[in-house]
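The hints should help you fit chain V onto chain L, whose structure is shown.
Protein sequence lines correspond, in order, to chains L and V. So for the first sequence, the working numbering puts the first residue at 413; every next one is plus one. So for the second sequence, the working numbering puts the first residue at 248; every next one is plus one.
Simulated from the structure, these hints should not be mistaken for laboratory data. Any given hint could turn out to be false.
[Stated by the list, open to error] With a straight-line Cα cutoff of 25 Å, these simulated SDA-like cross-link-like pairs (lysine to any residue) come out:
#1 L:K428 / V:G643
#2 V:K563 / V:T581
#3 L:K603 / V:D646
#4 V:K614 / V:E667
#5 V:K686 / V:E735
#6 V:K614 / V:P647
#7 V:K563 / V:R577
#8 L:K428 / V:G642
#9 V:K563 / V:R539
#10 L:K428 / V:R624
#11 V:K563 / V:H725
#12 V:K489 / V:E735
#13 V:K614 / L:A633
#14 L:K603 / V:G633
#15 L:K428 / V:D646
#16 L:K603 / V:R596
#17 V:K614 / L:A618
Listed here are the chains, written in short residue letters.
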Amino acid sequence: MTATLAAPSREPVLTKITRSPALPAFVGALVIWLATWLVSGNGLWGTLAIGASVATYLVMVGIGQLFVITSGNGGIDLSVPFVMTISAYLGSQVMNGDDGNLVLGLIVAIAVGIGAGLVNALLVEVVGMPPLVGTLAVGFTIQTAVLVFSSNSTGVPSPGLSSFVDGNWGPFPIFAIFGVLLTIVFAVLLKRTSYGRRTEAVGQSATAARLAGIDPRLVRAGAFVLSAALAGLAGILLAAHAGGPSLELGTPFQLESIAVVVLGGSLIAGGRGVVPGVWAGAMLLTLLVTLVNVAHVSSAVQNIVEGLLIVVVLAVARNPAFGRSWTR
Amino acid sequence: MTTGGGNMRETLLSVEGVTKRFGSTLAVDDAAFRLARGELIGIAGHNGAGKSTVLNVVTGRLAGDAGTVTLDGTTRDATAPVASADALGIRIVFQELSLCPALRVDETAAVFDRSVRGTSWRTAAWNHLQTVLDEMFPGHGIRRQQQIRDLSIARRQMIECAAAMLPGEVPAKLVILDEPTSSLDASSTESFYAYLHRRAAEGLSAIVTTHRLHEMIDNLSRLYIMRDGRIVSEEVAATSTKESLVAAMGVGGHEAARERTVSDVERPPVPDGAPVRVRIGDRATGAEVELRAGEIIGLGGLEGHGQVAVLEALAKAARSRLPGPKRTLRQDVTVDGTVAYVSGDRGDRGIFRYWDVGQNVTIANLKRLSTAGFVSRGAERRLVDGWWPRLGIKGGPEDPIVSLSGGTQQKALMARAMAEDPDLLLLEDPTRGVDQSTKEDVYALLRRQAAEGQCVVWYSTENEELRHCDRVLVFRSHEIVAVLAGSEATEDAILSSSFAGVSSSVAGAS
Chain L
413 MTATLAAPSR EPVLTKITRS PALPAFVGAL VIWLATWLVS GNGLWGTLAI
463 GASVATYLVM VGIGQLFVIT SGNGGIDLSV PFVMTISAYL GSQVMNGDDG
513 NLVLGLIVAI AVGIGAGLVN ALLVEVVGMP PLVGTLAVGF TIQTAVLVFS
563 SNSTGVPSPG LSSFVDGNWG PFPIFAIFGV LLTIVFAVLL KRTSYGRRTE
613 AVGQSATAAR LAGIDPRLVR AGAFVLSAAL AGLAGILLAA HAGGPSLELG
663 TPFQLESIAV VVLGGSLIAG GRGVVPGVWA GAMLLTLLVT LVNVAHVSSA
713 VQNIVEGLLI VVVLAVARNP AFGRSWTR
Chain V
248 MTTGGGNMRE TLLSVEGVTK RFGSTLAVDD AAFRLARGEL IGIAGHNGAG
298 KSTVLNVVTG RLAGDAGTVT LDGTTRDATA PVASADALGI RIVFQELSLC
348 PALRVDETAA VFDRSVRGTS WRTAAWNHLQ TVLDEMFPGH GIRRQQQIRD
398 LSIARRQMIE CAAAMLPGEV PAKLVILDEP TSSLDASSTE SFYAYLHRRA
448 AEGLSAIVTT HRLHEMIDNL SRLYIMRDGR IVSEEVAATS TKESLVAAMG
498 VGGHEAARER TVSDVERPPV PDGAPVRVRI GDRATGAEVE LRAGEIIGLG
548 GLEGHGQVAV LEALAKAARS RLPGPKRTLR QDVTVDGTVA YVSGDRGDRG
598 IFRYWDVGQN VTIANLKRLS TAGFVSRGAE RRLVDGWWPR LGIKGGPEDP
648 IVSLSGGTQQ KALMARAMAE DPDLLLLEDP TRGVDQSTKE DVYALLRRQA
698 AEGQCVVWYS TENEELRHCD RVLVFRSHEI VAVLAGSEAT EDAILSSSFA
748 GVSSSVAGAS
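Bound conformation, chain V alone:
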C-alpha cells in the first residue's frame, strides 16, 4: 500500500490495522504506516483527525482496539498498553508542556535521565542535558539552577526537546514529536531540525506532527495525511505545498454540499444602541472587535491559542464590580451587560454531580428565585418546568445529573445558562463529545437565543461548527489573526488562516 522513499531502507516501524474507539466515536480507523531507520516523517491533519491517538497507540500509552505494531523486528499487539515506552527505545515529546514548574533545570534533567546515580546526580544529569542543549540550540541561555516556572515557554520547550534526546538506559530508536516547535522562533526551529537530521544520519527515526505545515514540507521526507481517523493519503514532502496539504486534510469538499444554516438575510438588523457592548481589543496592534446583540461570534483557530482565556475574561469583566477592562495575554476585553457561561468540559467545569437535574439548572439563577435569601421551591420548579419541554430531556428534573448521558447533561447546562437570560452567552466548546442530534439541538437553541437579541460567543474546536456563526475570530498564539465575516467563514478559510501568517510570525516571534 505504501510507496515512497521508506521502502528503500530497512524498516524500523510498521503499523498495521490500528483501530481505536472512544465510546461511539471512531478515533482511529484501520491506520497503517511505515517508517524506515533514519527517516523523518510527519503526520498531518486537523484537530480531532486522530493523530495523537494513533501515536499514543504506537507508543503503547493507550491500548488500541485492533492492530499490530512492529518495532525493530519485534511485533506487539496494539491492544496491549506498554508500561514504559522508554524501554522500547521510543522517546516522546508531548504537545502539552509536561515539566514540573517547581523543579530546577538540573533536577528536571534527572527526571528524564534515569542513568544518573549518587550524590552528584544533579551535576551528572545537567552535564548530559547541557551537551544536547548546546548542540540542539546553540546560545540557548538556560542555566542549571533556574526554576522551570521562571523560564519562558520557548526555553521550556527546548528542554523538553533536548531531554528526549538524552542517552538513557535503552538507546533511542524512535522519537515522537507532537508540536515540538510550537513556541520556538525561526532560528531555534531551524537548528532543531538540523540536529534532528544529524541524528537521523546516525540511524534515529522520528515522527513529527505539527500544524506548521511548511516545517513538515521543508524538513521531513514523507507525510501521512489523516482525516476523520483514517490515513487518507501519503505525500512526498518535497513535492507538496501548503495548499495541497490543506486540501488533502479534507475540508472544502463536504462543506460546499451543505448550506450555511445561518444566513445574514434571515437575521433581523441589529438595532442601534443595542444593550450588549463587548469589545475585544488587541493591546499590541490596537485593533478592536466590537460585538453586537443578536450576533453569533465564533472563536476559531487551533486548540489552546487563547480562546478560553478570552471567554473567561469576558465572564470576569461582566461580573466584576471593578470597572475597566479585563486582560488576557494579548487582549483587553470590556463588557457592558450580564453574562452566562457554558463549558463543554462538563465533569470539571459544568455539572454539580451530587445534585439532581433541577438543582443543576437553577444554581446560576438563585438570586432571582430567592426572597430574603430563601430559595423559593415554587419559583425553582416553575423555572425548571419552563425550560424542560424546550430541552427535550428524557426523565424528570429529580433524576441525578450523573444518570444522564453527556449530551443530555450538556442540554441541562445550556438551560442553566439560558435561564439567566444573559445579554452575553459564552460557550466553551459546548458540543465536545456530544452526538450529532444533540449538536443540532444545541445549534437550534443558539439561533433562537441570538434571534432574541443575545450576543453569543462560541469557541469551538470543530471548525465545521463555526459555519453557524455570523463572524469568526481566528486565534493564533493568543492573537486574533483574522476576522471572517458571514459567508467567508468556511472551514477552509478558518483552517488556512489558522496556519496563514505562520512564516511571518515565526520570523517575528523571537
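Looking at chain L on its own, in the form it has when it is part of the complex:
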C-alpha cells in the first residue's frame, strides 16, 4: 500500500493544462496577440515584448490584490491606485533624478506601501470595517495627502530606474523578465509555503482555519501589507517609466488589478489563487488596448470590446466549484 502511495500517479501535463482555471484567459491573450500582430505589422515578438513590459505593472499590483482576495472575508484592496500615486511622488522626491538615491527611493516607496497596508489591516481586522469600505477610506485619505504634497513636488525618478523599466537585454525586455521572476516567487509563496497554505485555508473557511490553530486575522493582515507594498513598488517603477509622477498615475489599476485576478482563474470569494493566471489576465487587457489603438477604433468602441471580452472569458472559465468535474 505504501509503495503505491510513495509513487503517486501524477496527472499528465496535458490534463493539468486543460483543467487549469487560467486557460481561457491565456487562450484569449494568445488570440489577441495574434490579432494585434496581423493588424499592426509590428512583428510577432515585438508585439509580445512591448505588451509584456507594460503588463508587468498590472501583474505586480494584481498579485498583491490576489493575496487579499484569496484570503477571503470579502477581501479587496481599493487603496492600491492611491498607494501607487503617493509612492511615486515620495519615491521621486527622494531620488530627485540621482542614481545615488535610487535604493533609498525604492525603500521609501515600499515603506509607504507597507504603512498604508498596516492601516488597511488595522481598519479591517481590528476595527472590523468591511475591506471594501476600509481600504477605500484609506485610499481617499492618501489621495488628499497627494494633492497637498504634489503642488510643490519637483522630483523625478533616477535615470537608472528608467533604463531598468524600459531597457532591453538582447531581444528581452528587462522589466518583463523581472515581472516573470516576481510571479514565480509569489506563486511559490502561495503554493509552497506555510503562509500561502494558510492564506488559502483562511479564504476557504476562516472558522475551520481558526479551529485548526491558524489566526485568520494575522493571515489577512499580512495580505493587506503585501498588496500595498507591491502597489508602492509598482508606483515608483511606473513613474520611472512615465518620466515622473502624476496625479492619475494609479487610477486604472484600481479595478483592473481586480479584473486580472478573476480573469486569471482565482476565486473572487477567496480560497483559491492562481498566480500565473494574473499574467494571462494582464496580457489580455494590455494587448487589447494595443489592438484597439492600432485598429484606430474610437475609445467608446474600445471600452465595449474590453467589456465584452471580459464577459466571454469569465463565461468560459466559470466557477470551477459549480462548473466542471471538480466537485463531482
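Below, chain V without anything else, positioned relative to chain L:
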C-alpha cells in the same frame, strides 16, 4: 389508535402516516396524532427523536416523504411544503431565538404583525404587542425603543412568545411552541401557561415540546412520546410522572444489553504529574473539574447548553500566548499542553473544500512540515501516508475532499487533529450525521489516542455515545450540573441529570 380526552371534542388537527428521511436516516417514521380544538398537548422525546422534524412537516416548513395533515377540515398532502404557515392559521415559536438583534422592540413587533400600515406603523405594532405582553407576562419591563440585542435572553423569549399570539390577518388556530420557556423563570413560566389556558378556553390549540418534563405534566392534557422517529406511546399528562416519561422516552432498556466498551479496569493507571493539566472551574460555585492524561471526558446534556463554548475556550486557552484562564459564560478554563480540535460540523467548521484530502490533513501540522517557511512535500507525503492505512479511507490523498462521503471526511478531519499529536483532543459532536460503522471506527481511534496518554474531551449530542467515556460532565444552562464517573454514566443517568434540578433551578433562575 389514539384514545384520550381529545376524542370528546371537535378535532382541529389530524396527522396521519407522516414519514421523513434525511439521507439514510429515518427521522420520522409513520407518525400519527390528533389534537382537539382548544386542547394543549405535548410531544416529548430526547434530542434527535424527531420532534422538531414532525412539527416542521405539520407546519409545512419541511416537505415530508409521506402522510397527510388535516387542519380544520382541510386535508393536505404532507409531501408539499407550505409557503406561509401564518396563512393556515398556524403560529410557531422556534427553539432558536429568531429575532433580529439590530431592530427595536416596536420594529420587531411590526415584523410579526403584518396588519400594520401607514406612517405610525411602529406605534400600531407596539400597541398590539404590548397588549399581549401585559397579559402574558405582567410586569415584563420591556420598553418599545429598546434594541433586541440589549434585552436579556428571557425578555427576547417573552417577545417571541407574545408575537406568536398577535391577531394577524388570519386568526391563529394552532400554536406550535418549541422550548418556549427555556429561558424563563418560574413565575414567567406560570403566567405564560395561565395565558395559554385562557386562550385555549377560547378555542386555541397548542403543541408544546420542551425538555422541562414537569411543565408538560402540570400544564398539558396529553403527551405523545417519540423515540427514534416513531411515536411510541400516548400518555395522559395528569397520571404521568417525570420518571414514567423518562422511561417511556426509551433509554435504559437497550443500553443494559450492551457492554460498556471502555471499562476502568482496561485503562492504565494515570501517572502522577501527567503532562496535560486541564481545569474547568465554575465561577459561581467554585467547583472545579480537573482532567487527566489518558482520560476520555464526555460533555453531555441537552444541545446548546454551553458545551461548545467550553470546547472553544479550551482550544483558546491552549493556544493563547497570554497566560491565565479563558472564560465562558460560567466557567474559567486553563490548559497546560497542546490541543487539536475536531468539529462534526464538517462543512462550516472542518473541511477546506477546494483542497484534496492530503492538504486537508496536513494543514494543522504545517509548522512541523516546514523548513524556513517552505512546506516540505516529502514530509507532507510521509505524514499522510502514515495516517492513511489507519483511517481506512477509500481512494487516494489526491482526491478532492468534497468527493468523499461525510463519514469519510470526518475520518480525514480526525487524522488532521490526531497527527498534531496533541496533549488534549477536543471533539465537537464528531459523529454527527455519520453512519454506524464509521462511528465504531471513530470510537476505536479515540480509545487508542487515550491509551497513548492523550486527554480526550468529547461533546456528543447522542447520550448513547457517552458510555465510551470515563467521566461525563453534564451541562445545563451553561452549568456543570453533574459529574458522572465510569459506570454511572448511563444514558438514563445523563438524561435524568439533564432534567434533574430543573425545578430547583427554575425557582432560582430569576
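Straight-line alpha-carbon gap V:K563 to V:H725, limit 25 Å: With a Cα-Cα distance of about 18 Å, the restraint between V:K563 and V:H725 holds, given a limit of 25 Å.
Hint consistency between V:K614 and V:E667 [alpha-carbon to alpha-carbon, up to 25 Å]: Roughly 10 Å between the alpha carbons, so the hint for V:K614 and V:E667 holds.
Given hint V:G633 paired with L:K603 - CA-CA distance at most 25 Å: OK: L:K603 and V:G633 at ~23 Å, within 25 Å.
Straight-line alpha-carbon gap V:K563 to V:R539, limit 25 Å: 19 Å, holds
Distance restraint between L:K603 and V:R596, which requires alpha-carbon spacing of 25 Å or less: 23 Å, holds
Satisfaction of hint between V:R624 and L:K428, Cα-Cα up to 25 Å: 19 Å, holds
Hinted pair L:K428 and V:G642, Cα distance within 25 Å: Within the cut-off at roughly 20 Å; holds.
Given pair status - V:D646, L:K428, alpha carbons within 25 Å: 15 Å, holds
Hint consistency between V:K489 and V:E735 [alpha-carbon to alpha-carbon, up to 25 Å]: 20 Å, holds
Pair hint outcome, V:K563 versus V:T581 [Cα-Cα no greater than 25 Å]: 9 Å, holds
Pair hint V:K686 and V:E735, alpha-carbon separation not exceeding 25 Å: 22 Å, holds
25 Å limit on alpha-carbon distance, applied to hinted pair V:K614 and V:P647: 23 Å, holds
Hint violations for this structure: none, all hints satisfied.
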